[in-house]
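There are 2 protein chains.
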Amino acid sequence: MNMKKQMKIVLQMVSGYGGEFKTWRLPEAKEDAYTDMDFYVEMAQLAEKGKLHALFMADTPALVNDLTQDTPMHSMDPLIAMTSVARATKHIGLVGTFSTTFNEPYNLARHLKALDVISHGRVGWNAVTTSTPATAANFGSHLKSTQERYGRAHEMIEAVQGLWGSWEKGAYIHDKQSGQFADMGRIKPLNYQGEYIQTKGPLPIPPSEQGQPPIFQAGPSPEGIRLAGRFASGVYANPFTIEESREYRNILRESAVAHGRSADDINVFTGFMFTIADSKEEALARRRRVLEFDKEELAHRLSYLGAMVGLNFQGIDPYQPLPDSWLKLARANPHDPRSPRALAVLKEGYSPVDTLAHGVINYHPVVVGTAKDVADFLEEWFEAGATDGFSIVPDLAHDGVRAFVEQVVPILQERGLFHKDYESSTLRDLLGVPYQYGIRTEE
Amino acid sequence: MNMKKQMKIVLQMVSGYGGEFKTWRLPEAKEDAYTDMDFYVEMAQLAEKGKLHALFMADTPALVNDLTQDTPMHSMDPLIAMTSVARATKHIGLVGTFSTTFNEPYNLARHLKALDVISHGRVGWNAVTTSTPATAANFGSHLKSTQERYGRAHEMIEAVQGLWGSWEKGAYIHDKQSGQFADMGRIKPLNYQGEYIQTKGPLPIPPSEQGQPPIFQAGPSPEGIRLAGRFASGVYANPFTIEESREYRNILRESAVAHGRSADDINVFTGFMFTIADSKEEALARRRRVLEFDKEELAHRLSYLGAMVGLNFQGIDPYQPLPDSWLKLARANPHDPRSPRALAVLKEGYSPVDTLAHGVINYHPVVVGTAKDVADFLEEWFEAGATDGFSIVPDLAHDGVRAFVEQVVPILQERGLFHKDYESSTLRDLLGVPYQYGIRTEE
Ligand SMILES: Cc1cc2nc3c(=O)[nH]c(=O)nc-3n(C[C@H](O)[C@H](O)[C@H](O)COP(=O)(O)O)c2cc1C
Ligand SMILES: Cc1cc2nc3c(=O)[nH]c(=O)nc-3n(C[C@H](O)[C@H](O)[C@H](O)COP(=O)(O)O)c2cc1C
Numbered sequence: 001m002n003m004k005k006q007m008k009i010v011l012q013m014v015s016g017y018g019g020e021f022k023t024w025r026l027p028e029a030k031e032d033a034y035t036d037m038d039f040y041v042e043m044a045q046l047a048e049k050g051k052l053h054a055l056f057m058a059d060t061p062a063l064v065n066d067l068t069q070d071t072p073m074h075s076m077d078p079l080i081a082m083t084s085v086a087r088a089t090k091h092i093g094l095v096g097t098f099s100t101t102f103n104e105p106y107n108l109a110r111h112l113k114a115l116d117v118i119s120h121g122r123v124g125w126n127a128v129t130t131s132t133p134a135t136a137a138n139f140g141s142h143l144k145s146t147q148e149r150y151g152r153a154h155e156m157i158e159a160v161q162g163l164w165g166s167w168e169k170g171a172y173i174h175d176k177q178s179g180q181f182a183d184m185g186r187i188k189p190l191n192y193q194g195e196y197i198q199t200k201g202p203l204p205i206p207p208s209e210q211g212q213p214p215i216f217q218a219g220p221s222p223e224g225i226r227l228a229g230r231f232a233s234g235v236y237a238n239p240f241t242i243e244e245s246r247e248y249r250n251i252l253r254e255s256a257v258a259h260g261r262s263a264d265d266i267n268v269f270t271g272f273m274f275t276i277a278d279s280k281e282e283a284l285a286r287r288r289r290v291l292e293f294d295k296e297e298l299a300h301r302l303s304y305l306g307a308m309v310g311l312n313f314q315g316i317d318p319y320q321p322l323p324d325s326w327l328k329l330a331r332a333n334p335h336d337p338r339s340p341r342a343l344a345v346l347k348e349g350y351s352p353v354d355t356l357a358h359g360v361i362n363y364h365p366v367v368v369g370t371a372k373d374v375a376d377f378l379e380e381w382f383e384a385g386a387t388d389g390f391s392i393v394p395d396l397a398h399d400g401v402r403a404f405v406e407q408v409v410p411i412l413q414e415r416g417l418f419h420k421d422y423e424s425s426t427l428r429d430l431l432g433v434p435y436q437y438g439i440r441t442e443e
Numbered sequence: 001m002n003m004k005k006q007m008k009i010v011l012q013m014v015s016g017y018g019g020e021f022k023t024w025r026l027p028e029a030k031e032d033a034y035t036d037m038d039f040y041v042e043m044a045q046l047a048e049k050g051k052l053h054a055l056f057m058a059d060t061p062a063l064v065n066d067l068t069q070d071t072p073m074h075s076m077d078p079l080i081a082m083t084s085v086a087r088a089t090k091h092i093g094l095v096g097t098f099s100t101t102f103n104e105p106y107n108l109a110r111h112l113k114a115l116d117v118i119s120h121g122r123v124g125w126n127a128v129t130t131s132t133p134a135t136a137a138n139f140g141s142h143l144k145s146t147q148e149r150y151g152r153a154h155e156m157i158e159a160v161q162g163l164w165g166s167w168e169k170g171a172y173i174h175d176k177q178s179g180q181f182a183d184m185g186r187i188k189p190l191n192y193q194g195e196y197i198q199t200k201g202p203l204p205i206p207p208s209e210q211g212q213p214p215i216f217q218a219g220p221s222p223e224g225i226r227l228a229g230r231f232a233s234g235v236y237a238n239p240f241t242i243e244e245s246r247e248y249r250n251i252l253r254e255s256a257v258a259h260g261r262s263a264d265d266i267n268v269f270t271g272f273m274f275t276i277a278d279s280k281e282e283a284l285a286r287r288r289r290v291l292e293f294d295k296e297e298l299a300h301r302l303s304y305l306g307a308m309v310g311l312n313f314q315g316i317d318p319y320q321p322l323p324d325s326w327l328k329l330a331r332a333n334p335h336d337p338r339s340p341r342a343l344a345v346l347k348e349g350y351s352p353v354d355t356l357a358h359g360v361i362n363y364h365p366v367v368v369g370t371a372k373d374v375a376d377f378l379e380e381w382f383e384a385g386a387t388d389g390f391s392i393v394p395d396l397a398h399d400g401v402r403a404f405v406e407q408v409v410p411i412l413q414e415r416g417l418f419h420k421d422y423e424s425s426t427l428r429d430l431l432g433v434p435y436q437y438g439i440r441t442e443e
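Each protein sequence line maps, in turn, to chains A and B. Per the UniProt record's numbering: the first sequence = residues 1 to 443. Per the UniProt record's numbering: the second sequence = residues 1 to 443.
A portion of the hints provided could be inaccurate.
A pair holds if it fits inside one copy or across any two, identical chains being indistinguishable in the list.
Straight line, CA to CA, 16 Å or less: simulated EDC-like cross-link-like pairs of lysine to aspartate or glutamate [said to hold, decoys possible]: (1) K144 <-> E158; (2) K176 <-> E28; (3) K49 <-> E297; (4) K188 <-> D66; (5) K176 <-> D70; (6) K49 <-> E281; (7) K295 <-> D70; (8) K176 <-> E31; (9) K176 <-> E292; (10) K90 <-> D421; (11) K90 <-> D36; (12) K176 <-> D294; (13) K176 <-> D32; (14) K49 <-> D429; (15) K30 <-> D175; (16) K90 <-> E223; (17) K4 <-> D317.
These are calculated hints, taken from the structure and not from any lab test.
Construct the entire structure; sequences and hints are all you get.
The structure is reproduced here in C-alpha cells:
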C-alpha cells in the first residue's frame, strides 16, 4: 500500500457554469445551468464518482458582476445548493462561504449544523469577512474597517462553534423504554457576550457524525492569516507560482503553531483553472473561441497583455506570433506575478491571442492541454510542497468535471497521488484534521 | 364535474413526530425522526400522494420546550427541511415560518427565492414577528414592543417582496446566439429605506414559475389581522369552535378588503389534530396510552380538566365516569372556549381520563375516531363557512399521515370536497390567489 501523502481536491462550483464567465455560450453548455438544481446535483454526483473531497461554493451576498454577457460569479444561494446536493450524495464534502459580517450567528449556526446532521457530517464553513461595498449596502450598512470586520469574525466563529457545541454528546437520547427524549442537563446555553456578538443558545440540534463543521478561510491579509491560524482546517488560496504558494503555506502553518495547533491542522487548497482536450491545440482552440465571443473584451485583454510585457500591441495582427525584434524588447512587469509566464508563452512562439488562450491573465494559474498536462501540473505543485491540495475550477463545468474525473483522477491515482476511495464518511476525517466540538478542542 | 368550492389542506410537520409530544414512544414511531431527513421526505411524499396543498413548518429560532420527555415543537431547521423535501417532490407546496424580527431581509429574501426557483414555484413564507423572550436572547436583544415588532414586520415583508421583484420578467435571457445572459436594464436595485429596514438589492435571482412566494400569517392580534389583510394569501388559525372560526374568517376577509384586496385573496387554514383508528374505542385507547406515558402530567391535566368544569377531581378514580350528582354540579368555565366541549364529553359518560383522551384540552380541536369521523368534522366546518381549509396535525406523523391520505382523502374526494389532483404546479395557483411580483400587485 502506498503510504505517501496524497493531495486533496475540491471542486469550485462557481455559478454552475465554470470559472470562465463566457463559456456558457459553448455548444457543450446548458444555458440555464444557473437556475437548474438538477444540473448542480449531476455535477456533484460526478465529482463524487471521482472521489473529490468536497464541493466548494464561494459567495458574496450581492450581485457583484455585470451579467449582460457573463454568467454570475456565485450560485443563487449556497445553502440551498448545498442542501440539495447533500440529499443526492453520500460522501463528498460540502463547503460553503458564509459571511461573518452579514449573518446572524444563531441563524447561521443553526442552518449549518442542521445541514451537517442531515448530511451525516459533511459540511464545512468558509468564514470570510466580506469586503465589497455592494454587499454592505444590502445590509443597510457601510463597509467596516478591517479591525471591526476581523474583530467580529473572531467572535462570530467562536459564537457559532459555541452554539454548535450546545448539545453535549449523548444528550440526544430518544429512548422509548425509559421515555427520555433528551438529557436537558447536557444541553446548555452558551451565553456568549462579545463586543460584536451576543447570543444565548442553545441550538435545538444534537452533534453530527463529525461533531460540527470544520472551518475554512480565504484571504491572505495578515488578519486573514491570523484567523486561519486560530480556526481554519482548510484555506483557499490563489497563488500564481509554486514559490509563492509554498511561502504562503509555510506562513499559514506557522500561524497554526502560533495559535497552539499543529501545522498539519491546516490544509491549503490552491485554486487553478483548466481546459482539457485531446491535444493542447484543441484546448487552445476552445479557449480562443471563448475569447472571441466578446471582441471588445478581447481587444482590452490584448492591450493589457501588451502592458504586462512592456509592449504596445496597437495595430499588430494578434493572431500572428510576435517578431523576434519585439520579443527582445519585451520585459515582464515586476509588479504582476503573472507576467513572467505571459512572456514565456509569447517567446514559445504563440500569438498574443493564443497567449491569452493559455490563461496567462486569469486570476488563477491555468492549465490548457491534455489530462496528462493537468496531472503533471498538480503533481509538480504538490511534490514541491507548495500545497496540500487543489481547488479546481473547470472553464466550463458541463464537460470539465467529467474530463477531470474520468481522465485526470485515474492518472493521479495511478501515480499514488490521490486516494482511490473515500476513507471516511465525514469531511473532518477526509481532511485529516483533529476532532473539535464546541469552542474548545477536546480529545 | 363538481364545481363547488373545495377545501384546501396543508400538513403541519411539527418536529417530525406529530402534534402530541409523547407519541414518539408509541411502537409505530421512529424515535429519531427529528434528525432523519429521509423520514421527513417520506412523509412529504405521502402527503403529495394525497394531493395535500402544502407542508407547513412552524418555527421559532430557539429551543422552546423541555425535551426531557417531549419531542421538540419545531424541526431542526425549516429551510433545510423545505429544501430537502423540494428536491424529492413535484407538486406539494412548502410553507415555512421565518421571523420578521430575527432575520436579515437580504438573506431571507435570497434563501426563499432561490428555493422558490429550484422548487419551480412552490414556496410560501409564514411571516411572524416572534414573541418569545428565549428567541430574542439568541439574537442579543430583548423582546420588542408590539408596535416595533409589527412596524418592522410591514417593512420586512415589503423589502423582501421588493428584493424578490428585482429581476423583472424576461431579464433572465441566457441566449447563446445573441450572447446576452441577462438584461441588466431589467435588473434593478430596490433601495429600500425604511425606519427599521434598509437594503439595496438587487438579488441575484430571476422570477420563479409563480413569480415569488405568497405570504402567510399567523396570530389573531389586531396588528396581526392588519398585517394579514395587507399581505397574506394564507392565514393559520387555531379557533376552537365553528362560530369562532367563522367570525375570525370574516374579520380577516374584511381586513383584506380594507387594504384594497378581494376578500377571497385570503385563505384561512384552521388547525386541528386527529387520531385515526378503525373505531373510536381504539383511537381513544391509543390516546389513553400516550397520556399514561407521563403519570405526573396526567394528574396535572386531570386537575386542570376539573377546574375547567368547576369540579375538584382530587381523590376520584379518573378511569370511572363521573356520577350524575357531580355532573349536575358541573359548569363550563366561561373564560375557556374549550370548556363546553369538555363538559359535553363528560356528560356523554366518558371518564375524566377518556375525556382527556378526546383532546378536549389540546391547543387545537381534536378528532379522535374513524376516518369518517375526521371527514365529517372537516365537512361540517367547511360547509358552515368557518374556514377555507385546514392545517392538519396528526398525533403522530408516522402512521397518521398515511391514515389521512389513504382513508380520509378518498372520502373527501368522493363528497366533492377535495380536489382529485393538483390543478397546477405552483403554490400560488393551488391557493387560487392573484399574481403578485415585487411589492406591487400587477395584472
Ligand atoms: C482563494 C480566495 C477565495 C475567496 N473567496 C471569497 C468568497 O467566496 N467570498 C468573499 O466574500 N470573499 C472571498 N475572498 C476574499 C477574502 O475573504 C478577503 O476578503 C479578501 O482577500 C480581502 O482581504 P481582507 O478581507 O483580509 O482585507 C477570497 C479570497 C481568496 C484569496
Ligand atoms: C395558528 C398559529 C400558528 C402560529 N405559528 C407560529 C410560529 O410558527 N412561530 C411563531 O413564532 N409564532 C407563531 N404563532 C404566534 C403568532 O405569530 C403571534 O406571535 C402570537 O399569536 C402573538 O401575537 P402578536 O405577536 O400579534 O402579539 C402562531 C399563532 C397561531 C395562532
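How would you label the pair K90, E223 (within, between, both, or neither) given a Cα cut-off of 16 Å?
neither (35 Å within a copy, 47 Å between copies)
Alpha-carbon proximity between K90 and D36, which holds within one copy, between copies, both or neither at 16 Å
Between copies only: 14 Å across, 21 Å inside.
If the cut is 16 Å between Cα atoms, do K176 and E31 qualify within a copy, between copies, both or neither?
Only across copies: K176 and E31 sit 7 Å apart there, 52 Å inside one copy, limit 16 Å.
Is the C-alpha distance from K176 to D294 at most 16 Å within one copy, between copies, in both cases, or in neither?
Answer is between: at 12 Å across copies they meet the 16 Å cutoff, but 65 Å inside does not.
Have a look at K176 and D70 and pick one of within, between, both or neither, based on CA distance no larger than 16 Å.
The answer is between: 11 Å across copies meets 16 Å, while 56 Å in one copy does not.
With identical chains treated as interchangeable, where does the CA-CA distance between K176 and D32 reach 16 Å or less: within a copy, between copies, both, or neither?
between (49 Å within a copy, 10 Å between copies)
One pair to classify: K49 and E297, alpha carbons no more than 16 Å apart. Within, between, both, or neither?
neither (37 Å within a copy, 53 Å between copies)
When no copy is named, should K188 and D66 be tagged within, between, both, or neither for a Cα gap of at most 16 Å?
between (47 Å within a copy, 12 Å between copies)
If the cut is 16 Å between Cα atoms, do K176 and E292 qualify within a copy, between copies, both or neither?
Between. Shortest inter-copy distance 14 Å satisfies the 16 Å Cα cut-off; intra-copy 67 Å does not.
State whether the alpha carbon distance between K30 and D175 is at most 16 Å within one copy, between copies, both, or neither.
between (49 Å within a copy, 11 Å between copies)
With identical chains, the pair K295 and D70 could be close in the same copy or across copies; at 16 Å between alpha carbons, which is it: within, between, both, or neither?
within (14 Å within a copy, 66 Å between copies)
Checking an output row: K49 and E281, CA cutoff 16 Å. Within, between, both or neither?
neither (28 Å within a copy, 54 Å between copies)
Consistency with the previously given hints fails for numbers 1, 3, 6, 14, 16, 17, ordered from lowest to highest.
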